[in-house]
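**Student:** Take a look at the letters that make up each chain.
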Amino acid sequence: MATSLSPVRPQLHRTVLDNGLVVLVTENPVADIVAARLFVRAGTGHEQVAESGLFALMTALLTKGTDRFSSMEIAEQVESLGASLSSDTSADYSLLSLKTVSADFEPMLSLAAHLLRSPTFPEAELDLEQRLTLQSIRSMQEQPFTVAYNALRAAMYGDHPYARPGIGTAETVSSFTQTQLQHVHATYFRPDNLVISICGRISPEQAVDLVTTYLGEWQAPVDPIPELVYPNLPNQPSQQVIPQDTNQSIVIVGYQAPPVKHPIYAVLKLISTYLGNGLSSRLFVELREKRGLAYDVSAFYPTRLGMSQFVAYMGTAPDNAEIALEGLRYETERLVTESLTPEELATTKSKLLGQYALGKQTNTQIAQLLGWYEVLGLGTGFDQGFQAAIAAITLEELQAAAQDCFLAPYTVQLGPAQ
Amino acid sequence: MLGASIQSLNSAILWINPTLIILITLPTTSAFPATVNHLDSGLTLIHHPMPTTPVVVADVWVNAGARAEPDDWTGMAHFLEHMIFKGTETLLPGQFDYAIEAQGGTSNAATSHDYAHFYMTVAAAHLADTLPHLADLVLHAAIPADEFVRERHVVLEELRQSQDDPDWLGLQALSEQVYPSHPYGRSVLGAVEHLEGFSPETMRQFHRAHYQPENMTVVIAGGIALEPALEIMRHSFRGFPVATDCPAPSDSKAQRWQGVRRQTLHLPRLEQARLLMAWCGPGMAQLDDACGMDLLSALLAEGRSSRLVRELREERQWVLDISSGFSLQKDASLFTLQAWLTPDKITAVETLICDRLAELTYVPIDAAELARAKRLLCNDFAFSTETPGQLAGLYGYYSMVGDPADSYTYTERVQAHTGLSLAALAQRFLSPDSYAATVLLPQG
Chain A
-4 MATSLSPVRP QLHRTVLDNG LVVLVTENPV ADIVAARLFV RAGTGHEQVA
46 ESGLFALMTA LLTKGTDRFS SMEIAEQVES LGASLSSDTS ADYSLLSLKT
96 VSADFEPMLS LAAHLLRSPT FPEAELDLEQ RLTLQSIRSM QEQPFTVAYN
146 ALRAAMYGDH PYARPGIGTA ETVSSFTQTQ LQHVHATYFR PDNLVISICG
196 RISPEQAVDL VTTYLGEWQA PVDPIPELVY PNLPNQPSQQ VIPQDTNQSI
246 VIVGYQAPPV KHPIYAVLKL ISTYLGNGLS SRLFVELREK RGLAYDVSAF
296 YPTRLGMSQF VAYMGTAPDN AEIALEGLRY ETERLVTESL TPEELATTKS
346 KLLGQYALGK QTNTQIAQLL GWYEVLGLGT GFDQGFQAAI AAITLEELQA
396 AAQDCFLAPY TVQLGPAQ
Chain B
3 MLGASIQSLN SAILWINPTL IILITLPTTS AFPATVNHLD SGLTLIHHPM
53 PTTPVVVADV WVNAGARAEP DDWTGMAHFL EHMIFKGTET LLPGQFDYAI
103 EAQGGTSNAA TSHDYAHFYM TVAAAHLADT LPHLADLVLH AAIPADEFVR
153 ERHVVLEELR QSQDDPDWLG LQALSEQVYP SHPYGRSVLG AVEHLEGFSP
203 ETMRQFHRAH YQPENMTVVI AGGIALEPAL EIMRHSFRGF PVATDCPAPS
253 DSKAQRWQGV RRQTLHLPRL EQARLLMAWC GPGMAQLDDA CGMDLLSALL
303 AEGRSSRLVR ELREERQWVL DISSGFSLQK DASLFTLQAW LTPDKITAVE
353 TLICDRLAEL TYVPIDAAEL ARAKRLLCND FAFSTETPGQ LAGLYGYYSM
403 VGDPADSYTY TERVQAHTGL SLAALAQRFL SPDSYAATVL LPQG
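One line per chain: the protein sequences are A and B, in this order. Using the working numbering, read the first sequence as starting at -4 and increasing by one per residue. Using the working numbering, read the second sequence as starting at 3 and increasing by one per residue.
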């Protein structure tokens, strides 16, 4: 039934330019909008401990000065067109995003290409961005969930770069120099490490022509791209209690979980939907609807190139923190010994596939998802393959995945000292 | 902005869904592309066909937000929104949620001051067998006593979570300053002592009084034609409850004032001071003015090249960030400026902002700057009418606070403004001598 939510799917065109740059184009003429995502295959996952926050700072500065334009000139070009342009970094990639009405796409792509190739990281802008970042790092302490989740991540990942928030720490961020930013940019921002995903009212030929015009002459350096080697993960589950003077306690349970290329990736996505997605999800029904323990209760399993984590969490009255933790663990670990009913399996599949379809219907969403899959090296067939994999999951596979994954929980309780 | 994020700053949703947004058709002209249909029952249906999408959004808007609450019933509208999902004589609690989600759809709800609304996204083919259930929930909520007690805990958790969020606390305190004698000044979530005093019977009274056809608009947007949509509507929305009396909200006014209202809150765990400033702006009856206020908001603090961001963040570096907000409500709008900064810069920033507001009234606004702001808002409007869910939000919101057809006059009204008309609005509504200021400082 859920497949009926998929629109007539626009065709994905994949082209590799001579310099190694991958162009993905999905033509969608319905709205007068073009969205583009320019992905670089490197993100915070490439940072050593002392470099924590380097990619976030570098990508923030991409729009703050080049060999031709000042920060304000760049902002004026974007804003005078009423377009949006932003840069960001994530665990496995860095990104420039843009969205325009169709007629403005060429000037915006031209600008984005220039920003990618020729940022200068001006000292004055670097100083300002460092100061702003340091303040943002402090502001994270204001959000109880963020504090608790950062503690969980640190415990679960140890020396692994996924341990740290992408924004970095006060020590690392204040230590970065212009030379470091230039170095990391020169190392990873190169055409053979770039994926441009475009979706909207534009033909594949037009889109490839434009990308060729603005980035086709860019030559990759001879040096190979440094290989990524992740450190081992901790294997000592911890139970952290963080005293904070909050009105609500935050309770989080995390289990180490496999990367996107692992065979049970789709199975864990399905379990995450079963436990944590929507008003009919297991955690919502058992802990919120039947017991009134929470307003926000859910689970998530991020898609990661390296080791991921399966997380269940809720906010609850401080007096309920203990039973909340028991409840989250019970509902998750129950799947190790108890099978779902066939009906539960079928409805969870429908739910996941329906929401998957609903989640890729704007130009921005399509450009993001398909570009992301390419950057992760999953191939153009992954979008369909993933849905087929979900449809084929059996009760036995689901239980086996739970048995692999839900063994050794890391926990965090944040709230008033008892 | 009116076009892009029409939800009021102060609204609460039923559950937090981190993933969703839907499809795809941009109206090519600024003519109102939907139809407004009045059913025999008194109910209004707004229909927008989008033949290229397989999805339908049905969104039921009720003119019964926190604005409708008597003074000692705060939180009732929002608590009721939660209880709507707790079943009817024919639907068990959770049965609707399960039916929608098992088919790959989603549902949610939200409450603000001027409205509550209940919406679902389903495959077009499923509208006929799911809309009757949504209608049954909204019209015939049973409000069972045991569910009532349990759900109150959920609402109290929602309130606790908000109270740990300094930005929510700041905005709440600011709203009280701007609207001391109007429900817009109160939290939609309500006061604990009121919530604890409610009974299922008082809630049923509120429900039966307000959930009447003349108070309701249903928006259906997506892959369905008008005739079948009307047919499904007539079949679904039947048997409205018999209207009962309910205490009315007190007669209150949103009024502008003379002088500066100032307060300082000391909050635990605060790492970053905030300066929030607010003005009471035009209501829905003055929509042209409201669109002009949206332009002023963009001109002042939307984007790095806007006046205050450029001067305060990029050049003087007095603030970590500064943003503006314009939230249009039925009776009056809220114009806000919010700066994140260190405590020692608060006075200087406030003084400079007041000076720049005064300047708006006597230094002509540059043509290029005005054009930039207009283009920004008009593109934002286009970007926010891409999906049936966005359109349902737009039409429903306008039908609650004004006229649905006005939604598509937005870009026209924005384009009609001139430097002079904006200067006059600044003079009238953004006084540097009369405003509310809330300062958040770390405790201790």
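Derived from the structure by calculation, the hints contain no laboratory data. Since this is a predicted model, take the numbers as computed values, not measurements. Treat the hints loosely; a few may be bogus.
Examples of chain A residues lying across from chain B (beta carbon under 8 Å, computed) [unchecked claim]:
#1 VAL96
#2 VAL224
#3 LEU228
Which chain B residues stay away from chain A? Per the calculated CB distances, all over 12 Å, these [to be verified]:
#4 SER13
#5 ALA14
#6 GLY96
#7 ALA144
#8 GLU149
#9 ALA227
#10 GLU317
#11 THR344
#12 CYS356
#13 ALA370
#14 ALA384
#15 THR420
#16 PRO434
#17 ASP435
Beta carbons: idealized from backbone N, C-alpha and C, even for Gly.
**Student:** Of the numbered hints stated earlier in the document, which are not met by this structure?
**Tutor:** Violated hints: 2, 3, 5, 6, 8, 10, 11, 13, 14; rest satisfied.
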